[in-house]
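2 protein chains.
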Amino acid sequence: MAGQVPRPGELPDLQLPEKGHKLGAVSVRVTAAVDLVELIATLRDAGAEIVAINTFPATRGEPDVVRVFDFETRNLDSAQAAAAVRAVPGVAKAEPRATLGQIFGKRVIVIGGGAQVAQVNLGAVSEADRHNLRGERISVDTIALVGEKQIADAVRAVADLPRAHILVLAGSIMGGEISTAVKELQAVGIPVIALNMVGSVVKVADLVVSDPVQAGTMAVMAIADTARFDISRQKGRRY
Amino acid sequence: MAGQVPRPGELPDLQLPEKGHKLGAVSVRVTAAVDLVELIATLRDAGAEIVAINTFPATRGEPDVVRVFDFETRNLDSAQAAAAVRAVPGVAKAEPRATLGQIFGKRVIVIGGGAQVAQVNLGAVSEADRHNLRGERISVDTIALVGEKQIADAVRAVADLPRAHILVLAGSIMGGEISTAVKELQAVGIPVIALNMVGSVVKVADLVVSDPVQAGTMAVMAIADTARFDISRQKGRRY
Numbered sequence: 759m760a761g762q763v764p765r766p767g768e769l770p771d772l773q774l775p776e777k778g779h780k781l782g783a784v785s786v787r788v789t790a791a792v793d794l795v796e797l798i799a800t801l802r803d804a805g806a807e808i809v810a811i812n813t814f815p816a817t818r819g820e821p822d823v824v825r826v827f828d829f830e831t832r833n834l835d836s837a838q839a840a841a842a843v844r845a846v847p848g849v850a851k852a853e854p855r856a857t858l859g860q861i862f863g864k865r866v867i868v869i870g871g872g873a874q875v876a877q878v879n880l881g882a883v884s885e886a887d888r889h890n891l892r893g894e895r896i897s898v899d900t901i902a903l904v905g906e907k908q909i910a911d912a913v914r915a916v917a918d919l920p921r922a923h924i925l926v927l928a929g930s931i932m933g934g935e936i937s938t939a940v941k942e943l944q945a946v947g948i949p950v951i952a953l954n955m956v957g958s959v960v961k962v963a964d965l966v967v968s969d970p971v972q973a974g975t976m977a978v979m980a981i982a983d984t985a986r987f988d989i990s991r992q993k994g995r996r997y
Numbered sequence: 759m760a761g762q763v764p765r766p767g768e769l770p771d772l773q774l775p776e777k778g779h780k781l782g783a784v785s786v787r788v789t790a791a792v793d794l795v796e797l798i799a800t801l802r803d804a805g806a807e808i809v810a811i812n813t814f815p816a817t818r819g820e821p822d823v824v825r826v827f828d829f830e831t832r833n834l835d836s837a838q839a840a841a842a843v844r845a846v847p848g849v850a851k852a853e854p855r856a857t858l859g860q861i862f863g864k865r866v867i868v869i870g871g872g873a874q875v876a877q878v879n880l881g882a883v884s885e886a887d888r889h890n891l892r893g894e895r896i897s898v899d900t901i902a903l904v905g906e907k908q909i910a911d912a913v914r915a916v917a918d919l920p921r922a923h924i925l926v927l928a929g930s931i932m933g934g935e936i937s938t939a940v941k942e943l944q945a946v947g948i949p950v951i952a953l954n955m956v957g958s959v960v961k962v963a964d965l966v967v968s969d970p971v972q973a974g975t976m977a978v979m980a981i982a983d984t985a986r987f988d989i990s991r992q993k994g995r996r997y
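Which chain is which? The protein sequence lines are E and L, in order.
Taking the working numbering, the leading residue of the first sequence gets 759, the next gets one more, and so forth.
Taking the working numbering, the leading residue of the second sequence gets 759, the next gets one more, and so forth.
No lab work stands behind these hints: they were computed from the structure.
Predicted, not measured: the structure shown is a model, and the values here were computed from it.
Each statement offered as a hint is correct.
One-sided and incomplete, this derived list gives chain E residues near chain L with beta-carbon spacing under 8 Å:
#, residue
1, L772
2, N812
3, P815
Here are the simulated DSS-like pairs of lysine-lysine, each with C-alpha atoms no more than 30 Å apart in a straight line:
#, chain 1, residue 1, chain 2, residue 2
4, L, K941, E, K851
5, L, K961, L, K941
6, L, K907, E, K780
7, L, K907, E, K851
8, L, K851, E, K907
9, E, K907, L, K777
10, L, K941, L, K993
11, E, K941, L, K851
The C-beta atom is built at its ideal place from N, Cα and C for all residues, glycine as well.
All chains, full assembly: derive it from the sequences and hints.
The following block contains the structure:
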């Protein structure tokens, strides 16, 4: 997809299963002797592209273990990734895992406040339940926030959230800096649904929906493989 | 915290601001010439501990840019991290960012299905809204799922989710493998609230709550700094 801006709703995603690419995950508990650079070089030399790394403090009470590194890899499965890192100095234990994408799938992000944010959620979670019953994996992730700067910062940060595929803005008045942030988010390929509200955000949103439950439902439909709903055909419409 | 299992609700978290530690984030757009190992070695040599890395495909249409690497660092702020990586071969652009922890904060995870999962969400999002108004950052993240194996796998994966601080199980019947997974999750320091339901999960949960809205509300209170609610004192109780 290099050199090309994706159509709304067609975001490529390295963290989701794609034809012809193995995905793997390994959780590695390490002592202070470990070198993260050496671990990554080892995975690379075994043929992996590194998709994600998350670091956690050790909390299981194992002696000498100071950190847990979770690696997600492409072109190497979980068992291969675990086997590759086991011999690296400082590795106490390497366990194959499911990738977060395999479990939690695509993410609908909801940002807003008050009564609306909970109602958008209700619609999105209920609709995701119906699609997940048919084998999909769609999560609904919500941050309740107020304030132009706070919301604009959160909208921008959606671009940095792994597996974020669509944003719903749930409020009564949003504009100014928030509308600028919406355009930046759309430029990386993430479409935005807004409730019908006061302010300029409804002019830049891909789709405006008056009812919050319907807005949450449509957001899930827009990214579901099991729904026939093409948000790029709804550009600028209001319901 | 090495060598010690945290009390329920007192999970240390490298991705959240902690006294005496700077946190930083930098988004790096790279060409095919870049070497991830060199980027990480550069950040390490500049004094950073790597907290997280996420990789995205390039979607802005910039020529030659093939990947976006987001790094989160400890002991280096965002501007320092961006300055450190700018000279690395293959870096087209390095932009300082807010960390995901600064924007989305601690996460309540809700797993379950049907009417209950949406109602738990309603309670959790409404309560998070109230705490976030007072300056906290608490997100509510939900995956609607059915099936013993599917739910057990998701419960285990909560341990690998950055900033996950508490889990709510929202269903009508859960036991067997799910109860085993709950015990594994508690062993890493993440407490579990269950609705009052059929099956053995209510015997292992830290807290059992009959009303789903109340369960979501209590989950947020349990991890909020602005609430006086100590889940470790509620161990095994039912409401």
